[in-house]
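Knowing the structure of chain A, use the given hints to seat chain B on it.
Listed in order, the protein sequences are those of chains A and B.
The numbering used here puts the first residue of the first sequence at 1, with every later residue one more than the last.
The numbering used here puts the first residue of the second sequence at 1001, with every later residue one more than the last.
To be clear, the hints were calculated from the coordinates, so they are not data collected in a lab.
Careful: at least some of the hints might be erroneous.
Only pairs whose alpha carbons sit at most 20 Å apart, straight line, appear in this in silico DMTMM-like list of lysine to aspartate or glutamate [stated by the list, open to error]: (1) LYS455/A x GLU1114/B; (2) LYS455/A x GLU1029/B; (3) LYS455/A x GLU1014/B; (4) LYS444/A x ASP1320/B; (5) LYS221/A x ASP204/A; (6) LYS94/A x ASP146/A; (7) LYS373/A x GLU435/A; (8) LYS455/A x ASP1112/B; (9) LYS455/A x GLU1090/B; (10) LYS444/A x GLU1114/B; (11) LYS390/A x ASP197/A; (12) LYS261/A x GLU206/A; (13) LYS250/A x GLU206/A; (14) LYS455/A x GLU1017/B; (15) LYS444/A x GLU1035/B; (16) LYS1359/B x GLU1341/B; (17) LYS455/A x GLU1035/B; (18) LYS1007/B x ASP1242/B; (19) LYS131/A x GLU44/A.
Footprint (simulated), chain B over chain A, 3 or more residues, beta carbon under 8 Å [claimed, not checked]: (20) 155–163; (21) 431–442.
Idealized CB from N, CA, C, for every residue including glycine.
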Amino acid sequence: MREILENSLDACEVHRVPPDIYIRLTEVEAASENGASIYTMRVEDNGSGLPSEQIPHSFCQVFYGSKYTLKQARGTFGLGGTITILYGQITTHKPVTITSSTGGDIHEYEMMIDIEHNRPIILRHNVLDNKKGWRGTVLELQLEGDYSRIKSRLLDYLKQTAMVNPYADITFVDPGGRLFRFERGTEMMPPLPQPVDPHPHGIDVENFRRLVTITNSKNMKNFMMDHFQGVGVKTAANFLEAAGINPRAKPRTLKPEDIVKLVRTAKEYPNFKRPDPTCLSPIGEELLENGIRKELGLTEDDFLKVVTRKPSTYLGFPFIVEVAIATGSSIRRQFKGGTTIIRFANRIPLLFDESSGVIWKVVNRNIHWDTYKVTSDTPMIVVVHVCSTKIPYKTVGKEYMADQPEVEREITNAIRTAARSLRLYISRGVRLARERHRLDIFAKFLPKIAEFAAKLSDREELPDIAPLLAAVSQTIPEVEKKLKEVPDIGGQSS
Amino acid sequence: MADKVLKEAERQREANEASLSQLGSLIYEQIQNREFPWIMMQSRSADNILFDQDLRQFILGDRTTRRHSRNVRNIRPFTQFLWTAWFARELIRLRKTSTLREVYYSARGQRDIEFKGQDESDYTITDLEVALNRPREAFNIYPKDRGAIFGDLTIEYTFPPAYEGQTKNLTDNPDGAPIGRSLASSKFLETPADKVIVIEKDAMFSRFVEENVHEKFNALLVQTEGIPSRSARMVIRRLNQDLGLPVYIFTDGDPWGLHIAMVIISGSAVAAHLRGLTTPDAKWIGVWGSDVQKYKLPTENLTEQDLKRLKEIKADPRYDDELWQREIDIFLKMGKKAELEAFSAHGLTYIVDEYLPAKLESL
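In isolation and in its complexed conformation, chain B is listed as follows:
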């Protein structure tokens, strides 16, 4: 089993590396043909980002854009692009990973390549993702770790080299295992759990662990620390697709909580070029507007900004669904919002003892 896992990971690595070499060859040959090097990729401008109803996520349309080196304005970004490709290839070859921030700083060591800010290097990395149609994780480039997972899940590391083949059960650490690059690239071996509960806040995640939610409800617990990182989204998706576990999402009952849930379900516009980050079957189960009324939760007033955001969401194609529309309308009508912690008004364990069972029951 372990061998098979490693073989698959190795095959992926080679494919990723090959895509980068091919990019190098393409440009090499363009220069030999007396052509100012260029590459074609899908445009990421707003009018080329479409919502695909079948995939239930944003995708890029047919419009393409060219990155070229033919004029003074473009040659520097083009060089940076190529450097980034080379850097990614070195990462893969050396079996190292890098954060986005480290990429930015690595370029600082290169004369004339250095990025003006991390925005610029992040943008270039996105270019590379679009051009080669692979997520940056394929190039061993990761964002800062965020989020954690807890529960009876056994994983096998494929990375870093020193941990290759080692297995680990995720109940080992009661604070949860951070969802980092090693965990994200590990193989999920087995779990007795029959569901995944995603919580947006680490405080509520700790409460769930403390109250043995994972045992009581036979669940894996994931906390996203706000908007989930790509690694967290990938992990949630794999739990759903590879292990067939249903995913339930708990967020604050406000437009930002709705957004967090939707990013897990349908992804974001900025990742329209990527697949494999969404979990279309995941369910948002609270805190709903109707819960606020039903459980008489203490509330706060919606701010101007909240109202504006709610109205935007209401018109967003991702929320074009009966449940979402109904709950958005309730929030708008109430003019109120409620956090997950609001359940504490009924006692610290109320959310686990009363609300959660009732919610899961109702589905």
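One chain only, chain A, in its complex shape:
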């Protein structure tokens, strides 16, 4: 379901429509002995839709589509969705129904995957009139699972997805018929990432080989200039010389060992330009703030600081780190005291193995929270988003990131920047708390002093303590006002 939802979000973004996504899980067969039930899953989006001829391959062929250029994407389009369909088919033996339109006719396919030959089997194809000019895709399939077991994680996932996609409207109806609505907080969408050629530092042998097989370049010098970013005439010549490859050699004549040599040299070669970050799409401070505010239900009194760092690179891959820190009474209500980390990679929530990843390491080891007046009881949310053409995942599970020194440094710096504002907020808060505490104390004791003074002097009427209490509370409104201005100090904006 994750993969399908991510595909839908991608489809809407390409189409530049604020996504409306509707997801419904219905139980078709109650739990068997192993606790798993069969569910029908329906996902509707208002995205670009797919042309009729692309539908079968897009959804029912593994590794469909070829990517020779790079840009930031949630999943790898075509793979995740297909895997979900494959999973549904393996567990239930039921076909998948895809209905899609790019604005013209509506095409409805009922298909299965021919696993042996990796191709779609079309069972039914209807063409329907599209009088209302509907655009989007509806996918419906059956799969096996245990909703009660994954419920809380699924809802976390949706909530966090809504947090980093504040322009999306997500509705989820669970098997019990309960509706969860994640309303959009803004119509504004982040700019689309631009596809760029790979940077030579980041190319691997397999992708290099694929480029060689499809290239039209006549010689290696042109090949380098045509397929890699930031490589001009001079750089191409110098690099090929360093790799010991004849610039006039035809790419197709390269031997496997030549390719390995080229890739190795490319990794080390110091004179390439820095990777181009235009292929990245950070959420941006404004959108991220909107998403976090709405999903965490922050009020004016809570603190939130979002920091988007400038692009940086590791091993030839550009990346951007975004960080948000939130604290306040709303956070305490929901999360109690202590720090909660929420992690995203390319706008996908990371839900598992938190303590193995680099973000956990930064938050718990690199940052000395005392410096920022944060105690173990301070209720705090730390949101970290890393976007990159290649997220440095540690494992194939894609649940946590390895500690690449450059990435680690950027995350650390981003958190420090946000934490500096936090420190100001906390010290003002401490002052306000102190003022309130002061008032509480006076409000507690002054009436008693009045009472005993009256009793001692045999007077019926109590002396008026209101002017004294007013004098004590004088400073409070001033501190409160200061508290609402989120301090901005030394923050970096992209």
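Here is chain B on its own, set in the frame of chain A:
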């Protein structure tokens, strides 16, 4: 006679109560004047405690201190102070007394007033004494009873109400009459005795009673059970001042015994704000350092602590007197000390038969 006594006690009570109401009025008016309530009192810090040569006791100097309610730290103690004043007034009005410990527990019943410990409530009561310039006994607040008196003295109770006007002779109880609040506030009517002998230990006090010291020497006997309570000091003073009886003090022959005698004579630094607790004319008559040598008493060595304390005492203005200085020097030189019981080495009654007559004779 009885009427006059009661009238005087009643007048005192009213004066004490009035001082508390006036405190209430003062604070009431401060609040009405939009002022955070405060009171001024003499400072009790060490540098404001001076020895007055004329009074022969410690007094408070001119420095004053303010107890106020203007900040978070002070408002709670100030409230407690005022509560204590109110509590004292209720005691007077209801003709009840309370021990220091009872004051502490009474506050426990009051939300936000409760003291963290008895130290705190005792300190607050001392504040009240200083602020109103009256001993806590004036507010019917007493420490735990300690000490006893025995001898032919007739007293008339003024308190508690049920005993008002009753008289009693203090030879009635051979264990001695405990010096409690009733005895301390009673009127001393008459005695044939011509002296008061104060003993720091109840064992020796019992020996004196057993040996009829009160008859043989025509004396009233007081035992203090160590450092005398304020009530005991007040009783000794009254025997001396009101009845004109000379007071003789027997203590152990060690720095602590010297201190006990001096508290009776000149009071203590912590009571520098109070008058009427000292008996400057009382005489310390033993056990002296010279007695140890003269009577060949069995001794113990002075400990480190004893030596330190002796040196402190030697420099203390209260001991600035020929007799004290001489005896302190002898103790220091001997490096020995002797308890009252040491006389038992010469026989149980030796102290009464030989030592006491000789001592009184020599004065």
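To see whether the hints hold, each was checked on the structure:
1. LYS455/A x GLU1114/B: This hinted pair holds, its Cα atoms lying about 19 Å apart.
2. LYS455/A x GLU1029/B: holds, 13 Å
3. LYS455/A x GLU1014/B: Given pair LYS455/A, GLU1014/B holds - Cα atoms ~17 Å apart, limit 20 Å.
4. LYS444/A x ASP1320/B: violated, 51 Å
5. LYS221/A x ASP204/A: holds, 19 Å
6. LYS94/A x ASP146/A: holds, 18 Å
7. LYS373/A x GLU435/A: Answer holds: LYS373/A to GLU435/A is near 18 Å, not above 20 Å.
8. LYS455/A x ASP1112/B: holds, 18 Å
9. LYS455/A x GLU1090/B: Holds, at about 10 Å.
10. LYS444/A x GLU1114/B: Holds, at roughly 13 Å.
11. LYS390/A x ASP197/A: holds, 13 Å
12. LYS261/A x GLU206/A: Since the Cα atoms of LYS261/A and GLU206/A sit roughly 13 Å apart, the hinted pair holds (cutoff 20 Å).
13. LYS250/A x GLU206/A: Holds, because 18 Å separates the two Cα atoms, which is no more than 20 Å.
14. LYS455/A x GLU1017/B: holds, 13 Å
15. LYS444/A x GLU1035/B: Holds, because 17 Å separates the two Cα atoms, which is no more than 20 Å.
16. LYS1359/B x GLU1341/B: holds, 16 Å
17. LYS455/A x GLU1035/B: holds, 19 Å
18. LYS1007/B x ASP1242/B: Satisfied, since the Cα-Cα distance of roughly 18 Å is no more than 20 Å.
19. LYS131/A x GLU44/A: holds, 18 Å
20. 155–163: Violated, because only 0 residues of the region 155–163 of chain A bring their Cβ atoms closer than 8 Å to Cβ atoms of chain B.
21. 431–442: The restraint on the region 431–442 of chain A holds, since 4 of its residues have a Cβ under 8 Å from chain B and three suffice.
In the structure shown, a violation is registered for the earlier hints numbered 4 and 20, in ascending order.
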